[in-house]
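Peer 1: Here is what each chain is made of, one letter per residue.
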Amino acid sequence: MEQELAALTERLAALESSTAMSGTINSEIFYWWCTALMIAIHAGFLAYEMGASRVKNVLASGIKNILAFAFMVPTFYFFGWYIYLSFYNGLLPADDAAGLPWELSMGPNLTDNATGIFWAAFTLFAATTASIFSGAVIERIQTAGFLILAILLGSVVWILGGAWGWHPQGWLTVKFGYHDVGAAGVVHMVAGFFALGVLLNLGPRVGKFNSDGSANAIFAHNVPFTITGLMLIIVGFFGFLGGCIIYMPGEQWINIYGQPTTLSAFAFNTLMGMAGGIIGAWVKTRDPFWMMSGALIGIFAAASGLDVYYPPVAFVLGTFAGFVVPMVAVWLEKMGIDDAVGAFPVHGIGGLIGVVACGIFAGGYPNIDGMPPVSLWGQIVGAATMAVLGFLPGYVVSFVLNAVGLLRVPDHIQEKGLDIVKVPVSAYPENYVTGPINVATPAGVAAAPAE
Amino acid sequence: MNTSPITSWDGAEAVFTFADKPAVMMLFLLLAAVITFGTVVIAAVHEKHAYNSH
Numbered sequence: 006m007e008q009e010l011a012a013l014t015e016r017l018a019a020l021e022s023s024t025a026m027s028g029t030i031n032s033e034i035f036y037w038w039c040t041a042l043m044i045a046i047h048a049g050f051l052a053y054e055m056g057a058s059r060v061k062n063v064l065a066s067g068i069k070n071i072l073a074f075a076f077m078v079p080t081f082y083f084f085g086w087y088i089y090l091s092f093y094n095g096l097l098p099a100d101d102a103a104g105l106p107w108e109l110s111m112g113p114n115l116t117d118n119a120t121g122i123f124w125a126a127f128t129l130f131a132a133t134t135a136s137i138f139s140g141a142v143i144e145r146i147q148t149a150g151f152l153i154l155a156i157l158l159g160s161v162v163w164i165l166g167g168a169w170g171w172h173p174q175g176w177l178t179v180k181f182g183y184h185d186v187g188a189a190g191v192v193h194m195v196a197g198f199f200a201l202g203v204l205l206n207l208g209p210r211v212g213k214f215n216s217d218g219s220a221n222a223i224f225a226h227n228v229p230f231t232i233t234g235l236m237l238i239i240v241g242f243f244g245f246l247g248g249c250i251i252y253m254p255g256e257q258w259i260n261i262y263g264q265p266t267t268l269s270a271f272a273f274n275t276l277m278g279m280a281g282g283i284i285g286a287w288v289k290t291r292d293p294f295w296m297m298s299g300a301l302i303g304i305f306a307a308a309s310g311l312d313v314y315y316p317p318v319a320f321v322l323g324t325f326a327g328f329v330v331p332m333v334a335v336w337l338e339k340m341g342i343d344d345a346v347g348a349f350p351v352h353g354i355g356g357l358i359g360v361v362a363c364g365i366f367a368g369g370y371p372n373i374d375g376m377p378p379v380s381l382w383g384q385i386v387g388a389a390t391m392a393v394l395g396f397l398p399g400y401v402v403s404f405v406l407n408a409v410g411l412l413r414v415p416d417h418i419q420e421k422g423l424d425i426v427k428v429p430v431s432a433y434p435e436n437y438v439t440g441p442i443n444v445a446t447p448a449g450v451a452a453a454p455a456e
Numbered sequence: 018m019n020t021s022p023i024t025s026w027d028g029a030e031a032v033f034t035f036a037d038k039p040a041v042m043m044l045f046l047l048l049a050a051v052i053t054f055g056t057v058v059i060a061a062v063h064e065k066h067a068y069n070s071h
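If you read the sequences in order, they're chains A and B. The opening position of the first sequence corresponds to residue 6 in our numbering, with each subsequent residue numbered one higher. The opening position of the second sequence corresponds to residue 18 in our numbering, with each subsequent residue numbered one higher.
It is worth saying that the hints were derived from the structure and are not from the lab. Keep in mind the model is a prediction, meaning the values are calculated, not measured. A few of these clues could be false.
Unchecked claim - DSSO-like cross-link-like pairs, simulated, lysine-lysine; straight-line CA separation at most 30 Å:
#1 A:421 x A:61
#2 A:61 x A:180
#3 A:61 x A:339
#4 A:61 x B:38
#5 B:65 x A:421
What the hints assert, rightly or not - Facing chain B, from chain A, some residues (calculated, C-beta under 10 Å):
#6 37
#7 106
#8 110
#9 111
#10 114
#11 115
#12 116
#13 156
#14 291
#15 382
#16 410
#17 411
#18 418
What the hints assert, rightly or not - Take a look, some chain B residues computed to stay more than 12 Å from chain A by CB distance:
#19 18
#20 24
#21 71
Ideal Cβ placement from N, Cα and C applies to all residues, glycine included.
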């Protein structure tokens with residue numbers, strides 16, 4: 006009898022160990038595929054930016070976007086991951102700082118199945134922020150200046166916002182109950198406001214504005230390509246949002262703040278927000294470019310409360326944001342700011358709506374470990390923090406880069422086209438695309454959403 | 018060149034190359050950083066040259 010009991014105990018222990026290992030590996034697999042899907046975001050931005058560029062700048066736009074991806078990976082390894090794990094209290098590292106690139110967890114380690122896969126997922130979040138910014142500045146930013154700004158945004162600024170408001174011990178969470186499960190603030194607001202800060206110093210593309218301040222439409226050379234790119238971004242966002250929730254082997258999922266949730270919750274509200282965004286933008290603009298941008302806007306508008314919204318709330322938020330954001334794009338142009346792909350309206354304002362809406366429609370949801378519940382005040386503090394955190398470094402560093410001649414491509418080079426000056430191959434070598442390649446016509450025809 | 022930090026897989030933890038040689042790790046880390054940031058400098062120089070020659 007005792008022998009049987011001992012054998013049974015041994016088998017039970019082996020079974021428990023096997024189940025635990027299976028859970029650990031399932032977790033790795035989950036984030037592996039989230040990361041792979043997130044690469045579709047970058048592929049989408051690549052198509053989107055190249056399509057939005059004129060023929061003479063197509064490849065230069067593509068190169069810039071590909072480089073953003075390439076430089077995010079090592080720089081996020083060098084210091085991005087460290088910033089996330091160590092700066093959750095503010096601008097100084099915490100006592101339990103971690104994530105330095107010479108730690109034994111920062112490479113193949115048979116006792117650590119988590120660090121590499123989480124680092125990879127966060128690196129792709131970083132690449133997303135850099136891509137958001139990348140689209141706004143096409144056709145007139147220098148590569149070196151762009152890379153410095155992309156590294157600053159992707160491997161320093163947004164992840165600092167992540168440490169503050171997207172970390173279980175982040176000060177915005179601990180002190181204000183900030184709730185932003187789908188990163189409307191820490192990714193989209195930060196990237197959108199950063200882009201705005203840079204655009205103020207970079208200036209518009211040559212030919213965008215007339216001397217009286219009126220705007221010209223600069224046509225995308227391939228609108229179908231931009232629309233397909235936008236759809237790819239949406240596919241990738243299912244990886245992004247999957248990566249926003251934490252797989253707990255043998256237990257219920259938790260969100261980034263440690264509160265219980267489900268992937269089902271994210272599925273309901275992501276799709277409902279997305280559909281609302283398309284409809285809102287369609288009603289406002291009748292423009293397929295803005296309809297697909299509306300899909301993204303709708304997701305961002307619902308993103309902060311994906312874990313708790315009643316799905317029709319996400320739909321209404323998406324519709325509202327999809328309707329309103331194109332108007333911000335028109336206003337921006339009237340202010341003389343050339344945001345080539347609407348990065349600030351779509352991400353900055355879409356994210357802002359998402360963060361504030363969470364305070365209105367998800368107020369009162371409890372937190373854990375005695376931290377404050379979700380509140381409108383907490384969300385407003387979070388939104389203001391993300392706006393300043395994005396805008397200020399973008400503005401200041403681009404100002405300095407402009408002063409030292411590393412920001413803007415000279416006007417005569419813009420007129421000639423960046424590809425012929427900087428790229429050793431041609432996008433359309435057989436002149437597949439014919440006709441004038443630098444058309445400037447009165448605004449409101451295609452580039453700006455219909456009023 | 019023996020780059021392995023382990024002599025057996027039993028109880029192995031960090032198994033990446035040079036995990037037991039911090040100085041070599043730092044050397045490669047530094048090299049990677051020089052490549053990353055040096056390329057940005059090269060990009061700036063290349064661009065200036067391209068703009069000046071057009």
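Peer 1: All the hints need checking, so say for each whether the structure fits it.
Peer 2: Status of the hints after comparison with the structure:
| no. | hint | verdict |
| --- | --- | --- |
| 1 | A:421 x A:61 | holds, 8 Å |
| 2 | A:61 x A:180 | violated, 51 Å |
| 3 | A:61 x A:339 | holds, 26 Å |
| 4 | A:61 x B:38 | violated, 50 Å |
| 5 | B:65 x A:421 | holds, 16 Å |
| 6 | 37 | violated, 19 Å |
| 7 | 106 | holds, 6 Å |
| 8 | 110 | holds, 8 Å |
| 9 | 111 | holds, 9 Å |
| 10 | 114 | holds, 5 Å |
| 11 | 115 | holds, 5 Å |
| 12 | 116 | holds, 5 Å |
| 13 | 156 | holds, 8 Å |
| 14 | 291 | violated, 40 Å |
| 15 | 382 | violated, 41 Å |
| 16 | 410 | holds, 8 Å |
| 17 | 411 | holds, 6 Å |
| 18 | 418 | holds, 5 Å |
| 19 | 18 | holds, 18 Å |
| 20 | 24 | holds, 14 Å |
| 21 | 71 | violated, 5 Å |
In summary, the numbered hints that this structure violates are 2, 4, 6, 14, 15 and 21.
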